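*Asks:* The residues making up each chain are set out below.
Number of protein chains: 2
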Amino acid sequence: MNLSEIILDADRLFIGDEIPRDYLNEKQTKAKNLHALAYPLTKGEVVDLMHYAKEKQLVVIPSGANSGLAHATEAHEGELLIDFSKMNRILDFDLDTLTLSVEPGITIGEVQKYVQERGFFYPPDPASKHSTIGGNVATNAGGMRAVKYGTTRDYVRQMEVVLISGEVLEVGSLAIKNSSGYNLKHLFIGSEGTLGLTTRIDLKIIPLPTVNQSVIAAFPSLPVACEAVISIMRDGLDITACEFFERDAIALSEKMLNTPFPSQKGQAYLLMTFDGSSQESVLAEIARLEATIKTHAPEEIVLLNEADTVTAWKLRDSILTAVVELSENEPLDLSVPTNKIATLFNYTKEVEAKSGLRFVSFGHAGDGNIHACVLRGDLSEAEWAVKRHEVLSELYQYVHDIGGLPSAEHGIGLTKKPYFDQVFDSSYRHYLKQIKLAFDPENRLNPGKLV
Amino acid sequence: MNLSEIILDADRLFIGDEIPRDYLNEKQTKAKNLHALAYPLTKGEVVDLMHYAKEKQLVVIPSGANSGLAHATEAHEGELLIDFSKMNRILDFDLDTLTLSVEPGITIGEVQKYVQERGFFYPPDPASKHSTIGGNVATNAGGMRAVKYGTTRDYVRQMEVVLISGEVLEVGSLAIKNSSGYNLKHLFIGSEGTLGLTTRIDLKIIPLPTVNQSVIAAFPSLPVACEAVISIMRDGLDITACEFFERDAIALSEKMLNTPFPSQKGQAYLLMTFDGSSQESVLAEIARLEATIKTHAPEEIVLLNEADTVTAWKLRDSILTAVVELSENEPLDLSVPTNKIATLFNYTKEVEAKSGLRFVSFGHAGDGNIHACVLRGDLSEAEWAVKRHEVLSELYQYVHDIGGLPSAEHGIGLTKKPYFDQVFDSSYRHYLKQIKLAFDPENRLNPGKLV
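So the sequences go chain by chain: U and C.
Using the UniProt record's numbering, read the first sequence as starting at 1 and increasing by one per residue.
Using the UniProt record's numbering, read the second sequence as starting at 1 and increasing by one per residue.
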């Protein structure tokens, strides 16, 4: 079958030079002379594309919103690009099992909106609302609410996956408990498009919490704030989000947005949310929170009204943009045990002193997910490339040594692969490669990423 | 190295005929002429045993408490049996990250007791309290509280695994968020000792709920009770356990224990528990529960006092024993979507009418986990074998067709393998085998089970 027999609509298939320049400039800046770009709409088309790629021995690269931060969907030369952004329908919302069936190209923002309008809730909340659910599954996307609700992994009941062979696997189940063979669902989640391509995802949906309350706690220093986080988790507080940042970091947002943060005391903050089904239960948890936090000598604890809630979260969400304005940069997404956040923070201060580079750190304290940014300062591009690699290489090793992981929620892709290979031993990586070969023996599906 | 150089204590190594007859009679009734039985105490010993087995090309069979119901640790002839029951220490309880590190041979009862005495909680609660945590991980054990708290999978942070090659992998992490490569942890969990042997497990522990309240709702029929369960889940009630059974089933327990169940109305029951950190929040949830259940015309709703709580759960827990008294039997552990419990129940009634065999069904309604028992009645052993296989073959196919799975929490092992092979297509099973071969290319680790 030719490509034009597989994808019948002209606006969904571009062969070789037909691929719009705009597309390449925006989404595939490093690609040249690609074989073709196809936008499938159905599982059948994806299967046929896989058979076509097999016949021509093409490398296949999947793509979604291209919002990923690990360059996990980068093409180079001669590949067949499959863009899932038009395969984006909601297929079914089953209220009996609370299951939303979607195609992979739908954005997370659309999923959240669809269920919320019906009184339900899809908790995973990555910052990019235009990222696709297929990409969210491929990276096991997390976000701020993971401390209470978990990550994407916890909300995938079942998926349909097309393998490079063209075979279709149904992995997972709408049945909740499963002790029926190796868990392929969990293997495909987080595999960054290297094992198979999802063509349908059945998501777990939950009822929408009706009450939300945000709280700020201000502390004299970040390590003290981190101690409070350990107590919060140990006391089993039912906390939905627990963000941390220094005054220095939120000050960047304050300056950019020209708005003050609702607390001006202290040098470090926890910005927290509690949610639930009644005002009483949420306030009861917050009373417990106050008791816990008071044992850590906070500068102040502020229960936010509606307007201040919006302001506080807007400022928090803008830290990254403010940092990027200072220095074009991709945030790291380090993951460490919750009792090692302060340890890592102190380490970055040492690196600052030694290297002269500035770090801005913030992130999800409740689950030890730290978005550290290393600022370029006034280094030349060449100096920056060398120094950045040197600093990151030591940083990733340090994270590994304190029991952490190179990626919490963005994935390894191409960007972190050198560090991934550095910190995981060859035996561990050997078995990842064996798994890759089990599903893709010719290494034709998104090769070079992750494994 | 000889075995006696690996395992130095005489009471931990039995070669060939030295293996105690009692052990074989009790734990390995089908085994004859085993190579050896070893009780390792350390990872190093397990590694050395694997190297020894490689040199001699022995099959290795792991074993724990032998409480499994799927015959997943059965040996036959010439194997090296590794019994983990003496490798059963608690290694560490870290209160900062709420992580309990244990060896695989510790029983689930001991884990629960240890943390509870310190004010903490390990939620997974399989019925066999003398099952080992290694076995719980191998089968992704669940139990009654899975509806709120999830299964064993949700409580394993990290594990140390020894492969058949003798290599040691550290899988998972104490860091909570993970988008750092294929998830080997989730692959090993539920793999029934066919991919590697766990030598250390770091468990997630949570604070102990201080308040518990059980409730009975009586309904005119099981299908009506099942409708109520769908509403309970849709309304997002924070329910810890939600068991279902018919009057006929609980009547078997009442007769055996000579004690009445705290409700005598209706033909089917839901026995539920709510837990939490305050009386108010638990009672608020129960008020919401009553409102939900009342829309399904219950015969009565009974909030249980302490004595009746003990009685009700004791009767529930005794259903299986009472069934086994009627007919030596292993309960099935079918898993279906929560809205298919009544469908499956109605199907078993049809099979009863057609086959003349009696079914007793009960189980965990909140997560669609049905422990159905097929009673032998007065069939001869030969008739029973034929008829049982015929009925089960059709039953497992039906469960598959309505979106269910053959095993919720007991595993596939040897017992369910024919049905597993029947309901999953050859392409799906091919990839499971490829994964098996990736870790165990010579098929020497617990072969013939699952894959």
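Among the hints, erroneous ones may be present.
Simulated coverage check for chain C against chain U, where a stretch passes if three residues somewhere in it have a Cβ under 8 Å from a Cβ of chain U [claimed, not checked]: (1) 84-97; (2) 344-352.
Capping the alpha-carbon separation at 30 Å, the derived lysine-lysine pairs in DSS-like fashion look like this [what the hints assert, rightly or not]: (3) U:Lys204 / U:Lys129; (4) C:Lys433 / U:Lys43; (5) C:Lys56 / U:Lys417; (6) C:Lys417 / U:Lys54; (7) C:Lys417 / C:Lys56; (8) C:Lys204 / U:Lys204; (9) U:Lys204 / C:Lys294.
A few chain C residues facing chain U, derived, Cβ under 8 Å [as the list claims (entries may be wrong)]: (10) Ala146; (11) Gly411; (12) Phe439; (13) Asn443.
Read the hints as simulated data drawn from the structure, not as lab findings.
No experiment lies behind these values; they were computed from the predicted model shown.
Quick reminder that beta carbons are idealized off the backbone N, C-alpha and C, glycines included.
*Asks:* If a hint holds in the structure, say so; if it does not, say that too.
*Replies:* Hint-by-hint comparison with the structure:
Given as covered by chain U, the segment 84-97 of chain C passes the check, having 4 residues with a CB less than 8 Å from a CB of that chain where 3 are the minimum. For the segment 344-352 of chain C, the assignment as covered by chain U is violated, since 0 residues bring a beta-carbon within under 8 Å of that chain's beta-carbons and 3 are needed. Only pairs whose Cα atoms come within 30 Å are accepted, and lysine 204 of chain U paired with lysine 129 of chain U is accepted, the gap being roughly 18 Å. A distance of roughly 25 Å separates the Cα atoms of lysine 433 of chain C and lysine 43 of chain U; the hinted pair therefore holds under the 30 Å criterion.
A threshold of 30 Å between alpha carbons decides the hint, and for lysine 56 of chain C with lysine 417 of chain U the separation of about 39 Å lies outside it, so the pair is violated. For a cut-off of 30 Å, the pair hint linking lysine 417 of chain C to lysine 54 of chain U is broken: about 33 Å separates their Cα positions. For the given pair, lysine 417 of chain C sits about 28 Å from lysine 56 of chain C by alpha-carbon distance, which is consistent with the 30 Å threshold. The straight-line distance between the Cα atoms of lysine 204 of chain C and lysine 204 of chain U is roughly 23 Å, inside the 30 Å bound, and the hint therefore holds.
Of the pairs offered as hints, the one joining lysine 204 of chain U and lysine 294 of chain C holds, with about 26 Å between alpha carbons and a cut-off of 30 Å not exceeded. Look at alanine 146 of chain C: its Cβ gets to within about 6 Å of chain U, closer than 8 Å, so that hint holds up. A distance limit of 8 Å between C-beta atoms decides the matter here; for glycine 411 of chain C the minimum to chain U is near 5 Å, and the interface restraint holds. For phenylalanine 439 of chain C, the interface hint holds, the least distance from its beta-carbon to any beta-carbon of chain U being 7 Å, beneath 8 Å.
Here the hint on asparagine 443 of chain C is broken, as its CB sits about 15 Å from the closest CB of chain U, past 8 Å.
Checked against the numbered hints given earlier, the structure breaks hints 2, 5, 6, 13 and satisfies all the rest.
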